[in-house]
Every structure is written in C-alpha cells, then in structure tokens.
Amino acid sequence: MKKSGMEDLGRTVSWSESGRSVLRLNIRHLWLFGVWPLWDSPLFILYTGYGLSLGVWNVVEGALAASCTWGDMEQTTLALMATSTNCNGLVKMAFFLRDRRRYQALVRRVAALVALQGESCAADPLLGRVQRGSRRRAFRLTAAMLLFMFSQCFVWFPMPAVAHADEGPLPFAPDNTTAYGLSYLAQCAAGLWMTQVSFGMDCLFASVMVLLAAQLQIVAGRIARLGEQNYDFAFSFVGHLQDTMSPIAMTQFAFSVLVVCFGLFQSTYAEAVTMAAYSCSWVEASGRFKRALRILISRAQKPLILSAGHLYPIDREAFLSVRS
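Just so we're aligned: the sequence shown equals residues 94 to 417 in the working numbering.
Quick caveat, the hints were computed from the structure, so don't treat them as lab data. Fair warning: this is a prediction, and the values are worked out from it, not measured in the lab. Ideal Cβ placement from N, Cα and C applies to all residues, glycine included. Don't take every hint at face value.
Stated by the list, open to error - Across the chosen pairs, the derived CB separations fall in these ranges:
1. Gly112 x Leu173: 39 to 47 angstroms
2. Met368 x Cys246: 44 to 52 angstroms
3. Arg381 x Arg117: 35 to 43 angstroms
4. Ile138 x Cys246: 21 to 29 angstroms
5. Gly112 x Leu275: 35 to 43 angstroms
6. Ala205 x Arg121: 16 to 24 angstroms
7. His333 x Leu139: 29 to 37 angstroms
8. Leu219 x Leu275: 55 to 63 angstroms
9. Gln335 x Leu139: 30 to 38 angstroms
10. Ala216 x Ser374: 15 to 23 angstroms
11. Met368 x His333: 20 to 28 angstroms
12. Trp150 x Ser107: 29 to 37 angstroms
Please construct the entire structure, taking both the sequences and the accompanying hints into account.
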C-alpha cells in the first residue's frame, strides 16, 4: 500500500498541475531546458538528449583543450574552469534523469506540506504572512538568480570576439580556425544550457528549503495547540528531501559551495519548535497532553541535518571550512 502511494506521488507532474504548484517557476524553468517533463512525449526525450549531447560535447572539448594547451597556464586554467562549470550542470542533469520520479514526489510532498497548514494560516493573519512571505522569497530568489546568470551570457559570450576579433578566439577553449562560427555557437549554447540547468537545480532545492523553513516556523507558532502531527509530517519530509537532493548536494560540493548556506534555514526554525513547546501552558494540562509534548520536545531537539551523499553534513561549520 505504501509503495503504491509513492508510485502515485512519483507520476509525471502535468502542465496544469505545475501551474498550481508553489514551485511553478522552478518546474517550468527546468522544463524549458529539457530537464523536467510535463507530459510524456518522444519529442521531449529527443530535446533532453539534445541538452545532454551539448553538455557531453562541451566537456570533451574542454578536456581536449586543456590537454592541448598544457604548459600555458592562462589557457589551461580557463579551459579547466569552464569545463568544470559545465560538467557540474551535466552531472546534475544526469542525477535528475536517474531520480526523476523522486523529484515528482518531492513537488507533491511540498504541496501537501503547505496545504496541511493552509487552514490555520487562513485563520491566523500572522501565520498567513509567514506562508505568503516564504512563497515570495522562493519565487524572487529563483527569478533573481536565473536572470542574473542569463544576463552574464551577454557579457561573457561576445567578449572574446569583440575584444580579440583578429585572433579568432572562442569563449571556453583555445582558438579553432576550423568551422570557427559553428564552434563559437556550440560553445555559447552549451554554456547557456549547462549553467541554467545547474542553477535551476540549485534554486529548486533553495526554494524547497525556504518553504520548509516557513512551515517549521508555522508549526512553532501553533505548538500551543498541539501541532505534533504537523511536525511529524515536516520531519518525515526532511528525510524525503535528504534522499532526493543527496546526489545533487554531493555534486555541488565537488564543484562549488554556492548553495550550501541554504541548508541552515530549517535547523534554525527547528530550535524554535522546542522553545515554543517549553513556553506553552502545559502545567495544568492532562497527562496525555504532557506525554505527547514530551515526545515532541524530544523529537524537536534532534537536529534536522542534510548531508552530501550521506557522507558529509551540510552545516555552518562545513560551509566555512570549504570556503577557507
């Protein structure tokens, strides 16, 4: 029964369903770049294959460029940096395609988590503001990051041709006089594709964490009215989030530390759940209520930890150690 329920959660998210999702922008952005299917179509499979082939071609070309320019520090460094960035997006895309049903289930569990406390948020203006604020932050964060990366294309891609027009340079690899125009166009397309996929995946998890942090904050606000069921739902959701994002987080550790800090939100508000439980009027409550509250406090004191590949915890200390 449980397996059939998970299979139902993992079915393809339709276009109309994505339009009602709190992660609408994230889903449709990944759909635009051939990662997230919104309906079963052979044409979309070909479109996804096109994106993968661009990434593979660019990584192979970058590796060959680095080997050909070995000894020229400037050219080799440029080729390796560009290849690593594009390889990051390619590996993340491969992980998504492998775990596609898990991502579909993640979207539906986010929707269920938000809907679980929808009635309370509608009745309490303060909780409603927290809910609406988290949606706005998730949307603005995604839009700002993706638009910023897209804007860099207009600076990075034409610069070699404008600054060194006589030398015939390429954006991500040394000069190639054979089929120069085709090579230039292919490198620009691969760079745009892989950076948008990479940042799109990062923004998806960042948005989920923003929404999850808000739900834990709402639970803390409702704890005096015994929100144990809601907290258990949120706690189990963290486990699902851990299993889904673990490969992507491990990849991100290998290539950059840009998004690691977003993993600190939910642990901050988990501490507030314990404080709210201690502060409620439990002295004169029934024995059943006290037992339930004791269990809740015990669970809340267990930190909500995300890890990269089940090997390395993502926390403030890990982030600072990687940065240093």
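Problem - Consistency of beta-carbon spacing, cysteine 246 to methionine 368, with hint 44 to 52 angstroms - result: 46 angstroms, holds
Exercise for the section: Note whether the CB distance of glycine 112 and leucine 275 lies within 35 to 43 angstroms or breaks it. Expected result: This hint holds: roughly 38 angstroms between Cβ atoms.
Exercise for the section: Can you let me know if the beta-carbon spacing of arginine 381 and arginine 117 is within 35 to 43 angstroms? Expected result: Given a distance of about 42 angstroms, which is inside 35 to 43 angstroms, the answer is holds.
Practice task
For the range 15 to 23 angstroms, tell me whether the beta carbons of alanine 216 and serine 374 fit it or not.
Solution key: Check passed, 20 angstroms falls within 15 to 23 angstroms.
Exercise for the section: Kindly confirm whether 30 to 38 angstroms is satisfied by the beta carbon distance between glutamine 335 and leucine 139. Expected result: 33 angstroms, holds
Practice task
With 20 to 28 angstroms as the target window, see if methionine 368 and histidine 333 comply at their CB atoms.
Solution key: 26 angstroms, holds
Practice task
For tryptophan 150 and serine 107, compare the CB-CB distance with the range 29 to 37 angstroms and indicate the outcome.
Solution key: Hint holds: Cβ distance 32 angstroms, inside 29 to 37 angstroms.
Problem - Distance restraint hint 21 to 29 angstroms, applied to the beta-carbon atoms of isoleucine 138 and cysteine 246 - result: Given a distance of about 26 angstroms, which is inside 21 to 29 angstroms, the answer is holds.
Exercise for the section: May I ask you to test the hint 55 to 63 angstroms on the CB atoms belonging to leucine 219 and leucine 275? Expected result: 58 angstroms, holds
Practice task
Could you see if the CB distance from glycine 112 to leucine 173 stays within 39 to 47 angstroms?
Solution key: 41 angstroms, holds
Problem - CB-CB spacing for leucine 139 and histidine 333 relative to the 29 to 37 angstroms hint - result: 31 angstroms, holds
Practice task
Can you let me know if the beta-carbon spacing of alanine 205 and arginine 121 is within 16 to 24 angstroms?
Solution key: 20 angstroms, holds
Taken one by one, the earlier hints all hold for this structure without exception.
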